[in-house]
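> The lines below spell out each chain.
2 protein chains.
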Amino acid sequence: MTTPFLQCLVGRLRAEDQFGAWDRKSDATLLKDYIVTKSERRQIPIIGDPDPETLDRVEKYYQAVGLAVERLTGVVASPMMKMSHEGFGRVVLIAGNLVVLSRTLRDVHRFGFEDLAALAAEGMKVASQAATMIEAHPELARA
Amino acid sequence: MTTPFLQCLVGRLRAEDQFGAWDRKSDATLLKDYIVTKSERRQIPIIGDPDPETLDRVEKYYQAVGLAVERLTGVVASPMMKMSHEGFGRVVLIAGNLVVLSRTLRDVHRFGFEDLAALAAEGMKVASQAATMIEAHPELARA
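Residue numbers (the numbering used here), protein chains in the order written: chain B, 18 to 160; chain A, 18 to 160.
Worth flagging that the hints you see were computed from the coordinates, not collected in a lab.
Please note that a few of the clues may not be correct.
When the alpha-carbon atoms are kept at most 25 Å apart in a straight line, the in silico BS3-like pairs for lysine-lysine are as follows [to be verified]:
no., chain 1, residue 1, chain 2, residue 2
1, B, Lys142, B, Lys99
2, B, Lys42, A, Lys42
3, B, Lys142, B, Lys49
4, A, Lys42, A, Lys99
5, B, Lys77, B, Lys55
6, B, Lys99, B, Lys42
7, A, Lys55, B, Lys99
8, A, Lys142, A, Lys77
9, B, Lys77, A, Lys55
A few chain B residues facing chain A, derived, Cβ under 10 Å [to be verified]:
no., residue
10, Leu89
11, Gly91
12, Val93
13, Arg107
14, Leu115
15, Ser119
16, Leu122
17, Thr149
18, Met150
19, Pro155
The C-beta atom is built at its ideal place from N, Cα and C for all residues, glycine as well.
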């Protein structure tokens, strides 16, 4: 829970809670939907269309990566996502004129992580890659 | 009609015509929807939600810009668009790790050009700007 990425993700989720309905919910409870264990995954059909909540969850994940990148580098990185209704698409994180991250997305209806540790580790890994890219091309990232 | 941009746009539109229904239609007829004269524009409400056809038309316009960029530089530039249902948003053209064009879109329900000459000129202008960006950072654009 102490990684910048998880803090950003929890902050991003709590920002939706305009009326304080989640004040008593723990961070772990809020992040529950991001956890899809191996046995849960096995029960999800291989082919399926993601529902709007799932797409929203993926988008918030990459928004949190962008916020973590900002904490690491001071440069804002904002996501753009392009998805087919079948759960196939692409997400990029953009800082200035630089694409700091580009990922092909597929099987988005099965998006999730084994546990909180895996979510935190993967989020930080992606954020660090993006930060490295910004450090390599600071003039473009700050354009 | 001889600018690379208009050729790309017509090609992009004709690519949708799987059954040859538009074979006898002239290029100018196909581009008709892109022409919104000043007097036509005055009759469109200032605030309005763009319909799917309009969003599609804007996306094809930027796809054609990307194709024109490819003709000019040999580097593929692909658009990503993020729109609110209210017609406000952003479009970027991405080549490799480089954002070669970034535009804020607004009032998309009134998207259009005074005449074919204006459409051709504006499309070529945008494509040239993107090409200049690629020439300035070839190693990132070809990444």
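> All hints, please: hold or fail.
Hint check:
1. For the proposed pair B:Lys142 and B:Lys99, the alpha carbon gap of about 22 Å is at most 25 Å, so the pair holds.
2. About 61 Å separates the Cα atoms of B:Lys42 and A:Lys42, which puts this hinted pair outside 25 Å; it is violated.
3. About 20 Å separates the Cα atoms of B:Lys142 and B:Lys49, which keeps this hinted pair within 25 Å; it holds.
4. Between A:Lys42 and A:Lys99 the CA atoms are separated by roughly 32 Å; this puts the pair beyond 25 Å, and the hint is violated.
5. Annotation: proposed proximity of B:Lys77 to B:Lys55 holds, straight-line Cα distance about 22 Å (limit 25 Å).
6. For the hint linking B:Lys99 to B:Lys42, the alpha-carbon distance of about 32 Å lies beyond 25 Å, and the restraint is violated.
7. Simply put, A:Lys55 and B:Lys99 have alpha-carbon atoms about 33 Å apart, too far for the 25 Å limit, and the pair is violated.
8. Between the alpha carbons of A:Lys142 and A:Lys77 the distance comes to roughly 17 Å, so the proposed pair stays at or under 25 Å and holds.
9. Between B:Lys77 and A:Lys55 the alpha-carbon distance is near 41 Å, which puts this suggested pair outside the 25 Å criterion.
10. Hint on B:Leu89 is violated. Least Cβ distance to chain A is approximately 18 Å, over the 10 Å limit.
11. Because the closest C-beta pair between B:Gly91 and chain A is about 19 Å apart, greater than 10 Å, the hint is violated.
12. Using the Cβ-Cβ criterion of 10 Å, the hint placing B:Val93 at the interface with chain A is not satisfied: the shortest such distance is roughly 13 Å.
13. Because the closest C-beta pair between B:Arg107 and chain A is about 7 Å apart, less than 10 Å, the hint holds.
14. The interface hint given for B:Leu115 holds, since its Cβ lies 7 Å from the closest Cβ of chain A, which is under the 10 Å cut-off.
15. Interface restraint check: B:Ser119 against chain A, minimum CB-CB distance 7 Å, threshold 10 Å, status holds.
16. Given the 10 Å rule on beta carbons, the hint for B:Leu122 is violated: about 13 Å separates it from the nearest Cβ of chain A.
17. Violation of the interface hint for B:Thr149 is found here, the shortest Cβ-Cβ separation to chain A being roughly 12 Å, above the 10 Å cut-off.
18. Satisfaction of the interface hint for B:Met150 is found here, the shortest Cβ-Cβ separation to chain A being roughly 7 Å, below the 10 Å cut-off.
19. At a threshold of 10 Å, the smallest CB-CB gap from B:Pro155 to chain A is about 13 Å, leaving the interface hint violated.
In this structure, the hints that do not hold are numbers 2, 4, 6, 7, 9, 10, 11, 12, 16, 17, 19, in rising order.
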